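For the sequence shown, this note's numbering assigns the number 1 to the initial residue and increments by one for each residue that follows.
These are computed hints drawn from the structure, not numbers from a lab. None of these values were measured; they are calculated from a predicted model. Keep in mind that a hint or two might mislead.
Derived SDA-like pairs: lysine to any residue, alpha-carbon spacing no greater than 20 Å straight-line [to be verified]: (1) Lys66 with Gln83; (2) Lys66 with Val78; (3) Lys66 with Ser30; (4) Lys66 with Ser91.
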Amino acid sequence: MTDAINHVIAGQDFPAASELLATHWNEVVSTGGLRTVEMWLMALPEHVITGDARLCLARAWTSFAKGALEEQRVDACVNRVQQECVRDVLSAMEPREMQQ
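Take the sequences, apply the hints, and build the full model.
Written as structure tokens, this is what we have:
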């Protein structure tokens, strides 16, 4: 998987890179790839990360793991994840007829 992510990042295919990274970052971190995930996140444009709550979570997690949660860009990501959670909760509370 790391080769695939490296390949799409090198080709600047950011939609593919963000989807692969969002899907597999935790698996890579769990096998000792914290620095790898951090480098991938640094290679993506900021708007790609802040536009995807899953990537924001990856950034917050890697920052937490290295003791750097005070970084301003982490705050933006934490806010994004919180917004997504609130949206999901509100959506779940809507009657089924309104969701369609």
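Quiz item: Going through the earlier hints one by one, which of them does the structure break, listed in rising order?
Solution: 1, 4
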